[in-house]
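Given next are the chains, with one letter for each unit.
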Amino acid sequence: MDEMKEVVLEYITDEYLDEDDEDEVSYDSPLISSGIVDSFSMVSLKRFLETKYSIKLSDEEATPEAFDTVNSICILVGKHLG
Amino acid sequence: MKDFNWDIAKDVLDWKEGEILNIGAICSDRICSRGDGNKAALIWEGFGDKSARYTFDDLRVYSNGFADFLSRQGIQPGDRVCIFMDKIPSLYFSFLGILKLGAIAQPLFSAFGDESLEVRLASAGTRAIITTRKHVRKVRKIKDRLPDLEKIIVVEGNPEKLKEGEIFFDVENSPRVEEFDVYHAAPETPSVLHYTSGTTGQPKGALHVHNSVWGQALTTSWVLDLQDDDIYWCTADPGWVTGTSYGIIGPWALGATQCVLDSGFTSSRWYKFVQDNRVTVWYSAPTAIRALMKDGHELVDSFDLSSLRHLASVGEPLNAEAVIWSGEVFGGLKFHDTFWQTETGAMMITNFPGMEIRPGSMGKPFPGIEASVLDLTTHLPVEEAGKVGLIAFRPGWPSMFRQYWKQPDVYRSKFVGASPNAMPDELRTNTDLWYVSGDRASIDRDGYYWFVGRDDDVINTGGHLVGPFEIESALVEHEAIAEAAAVGKPDKVNMEVVKAFVTLKPGYEPSDELELNIMNFIRKRLSPLAMPQEIEYRDKLPKTRSGKIVRRYLRAIEWGEEVGDLSSLSDE
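First to last, the sequence lines map onto chains A and B. Under this note's numbering, the first residue of the first sequence is numbered -5, with each subsequent residue one higher. Under this note's numbering, the first residue of the second sequence is numbered 33, with each subsequent residue one higher.
Watch out, some of these pointers could steer you wrong.
With a cut-off of at most 27 Å between alpha-carbon atoms, the simulated DSS-like pairs for lysine-lysine come out as follows [what the hints assert, rightly or not]:
no. : chain 1 : residue 1 : chain 2 : residue 2
1   : A       : K(-1)     : B       : K556
2   : A       : K73       : B       : K556
3   : B       : K524      : A       : K(-1)
4   : A       : K46       : A       : K73
5   : A       : K50       : B       : K396
6   : B       : K42       : A       : K50
7   : A       : K46       : B       : K521
8   : A       : K46       : B       : K556
9   : A       : K50       : B       : K195
10  : B       : K524      : B       : K556
11  : B       : K42       : A       : K73
12  : B       : K524      : A       : K46
13  : B       : K71       : B       : K42
14  : B       : K396      : B       : K42
15  : B       : K326      : A       : K50
16  : B       : K537      : A       : K46
17  : B       : K524      : B       : K396
Derived from the structure by calculation, the hints contain no laboratory data.
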């Protein structure tokens, strides 16, 4: 799980934050409610998780709440990996 | 309605001839002059625990502050000043300040990537941009290609982090500017420039004027039913026209208190915002309503939303299920759909409070608006109930756009019956013409309008129009893509989302990784709205014999519609 958290955090930092961004994102940082990731951009984050972990996330699972922190994302992905 | 004329709006505002006609002053100074300076104008909440509350006197002083500052920077009446920031209080202060100075406010959606920003600033010849530390990075990437852009003003963040040539201005921590000599606008003085997308070419700037306030104020009063003691929440971002016409101008011209939530969307956060601020009137969008629906009845019940008394919606057609659902979960209150667009500047077809709502219908034309649907071939008004045609309006309402910025030919093309060389001022006043909206609808026997869809290839995603040309132009800049077509595909929440069809250059193979790479490429360059949510790889794209990609064929397949006459397609 820790490795997955690192991978997801790195992807979010690379894709959604600018190089000189002063905002630090941690495993618990809100992503959706803070506006770092908007509802449209969630689609590309979902696609990343599906591709990286060879899983399929349903629209019902991919809610703003489930995607709001790296921790909650990893819990969701973890359920699919068993 | 008999004896209607737009001067009723002046009576509603108790505005007398000889008063200053300037939206910036009407929304702030004027409310203070009538004795409501201490009334709450803006109740603001940001992400986390950030919150602030501003009176109309604060609005007056802080908008004066922006006007004074811009004036000292050399900004002149008529200059375009872009506002590029999230929904922070300075957005609202600067908007009114720009107008008080007589300059033209050009608000742009802060999620735009640098390419979308550049296209719009270059088109408008924008002279100054007001932004934040978070968004100034995009400006830095493009400023060297924008010779007209002289001033980059940052209103928030650490001033020590600014680069050479950037100016810091924090209005709330600057000396209060109690007096400013407000620009005396004429009714036709330009006020706001909003960019909107079309099928072909880059986005066009729809120019509005100070006279628009009458349409915006009257529709706010009658359709949104704002009263003196209401707490109003318009969820739209002022980067789009709803966020200025009904998130700034209409409510504040009436002296109403409004709330702004600058935070990412989650259903619980929205309900909490309504509950905590005792919101009474709520103007939102079908996409948001459908997202709320997804989270269900129980979540609604866990909040006290008893303050709500009127709900309305705009952006794309509001489906019947959403109307019925809102009646069930909000104590009998149903969302009242409204139809209008960037070019119309104010509501055109509406469901009034007290009117029988037919779920799924856009309602009826607002008084003073002569509307029709025109036959798709003859462009004559359709007489037959239920027959689909083009939604059209007779020109002349106050908030109508006055031109597409420096594109008179494109403006002319929007009017049925226009003479070949007619200029914008003739077109907008000629009530023998029809302004054609670009949307299709039918009218039932009782005069209710029923939306059918766009008449062109523009994609309406989450209530925002996205031009396929802009997306395709960006797609072919990706190193792997040879050709591209972008169309709207059906989506349960957003009505449509972007789907791209691409052919790849030699040496590239389709893969999930490449698809994700292309998605992120477009998201950063243009915006999250323009990002294809699906990419289909093809060996070739359908084209006419002259080599033009046939989007309508691809779109029809996505929507499960008849593809129509294919005789013009190339056999290759």
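Comparing the hints with the structure gives:
A hinted pair counts as satisfied when its Cα atoms are at most 27 Å apart, and A/K(-1) with B/K556 qualifies at roughly 24 Å. The suggested pairing of A/K73 with B/K556 is violated, with an alpha-carbon distance near 31 Å, which exceeds 27 Å. A hinted pair counts as satisfied when its Cα atoms are at most 27 Å apart, and B/K524 with A/K(-1) does not qualify at roughly 31 Å. Taking the CA atoms of A/K46 and A/K73, the gap is about 15 Å. The hint holds against a cut of 27 Å.
Using a Cα cut-off of 27 Å, the hinted pair A/K50 and B/K396 is violated, with the two alpha carbons roughly 44 Å apart. Distance restraint check for B/K42 and A/K50: the Cα-Cα separation of roughly 57 Å exceeds the 27 Å cut-off, and the hinted pair is therefore not satisfied. Of the supplied pair hints, the one linking A/K46 and B/K521 holds, its CA atoms being roughly 25 Å apart against a limit of 27 Å. About 21 Å separates the Cα atoms of A/K46 and B/K556, which keeps this hinted pair within 27 Å; it holds.
Our distance criterion of 27 Å between C-alpha atoms is broken by A/K50 and B/K195, whose separation comes to about 44 Å. With a C-alpha separation of about 25 Å, the suggested pair B/K524 and B/K556 falls inside the 27 Å cut-off, and the hint holds. Distance check on the hinted pair: B/K42 and A/K73 sit about 61 Å apart at the alpha-carbon level, beyond 27 Å; violated. Between the alpha carbons of B/K524 and A/K46 the distance comes to roughly 26 Å, so the proposed pair stays at or under 27 Å and holds.
Taken as a hint, the B/K71 and B/K42 pair is honoured in the structure, with Cα atoms around 22 Å apart against an allowance of 27 Å. A distance of roughly 23 Å separates the Cα atoms of B/K396 and B/K42; the hinted pair therefore holds under the 27 Å criterion. Of the pairs offered as hints, the one joining B/K326 and A/K50 holds, with about 19 Å between alpha carbons and a cut-off of 27 Å not exceeded. Annotation: proposed proximity of B/K537 to A/K46 holds, straight-line Cα distance about 25 Å (limit 27 Å).
With a CA separation close to 26 Å, the supplied pair B/K524 and B/K396 stays within the 27 Å bound.
Figure legend: structure checked against the earlier numbered hints; hints not met, in rising order: 2, 3, 5, 6, 9 and 11.
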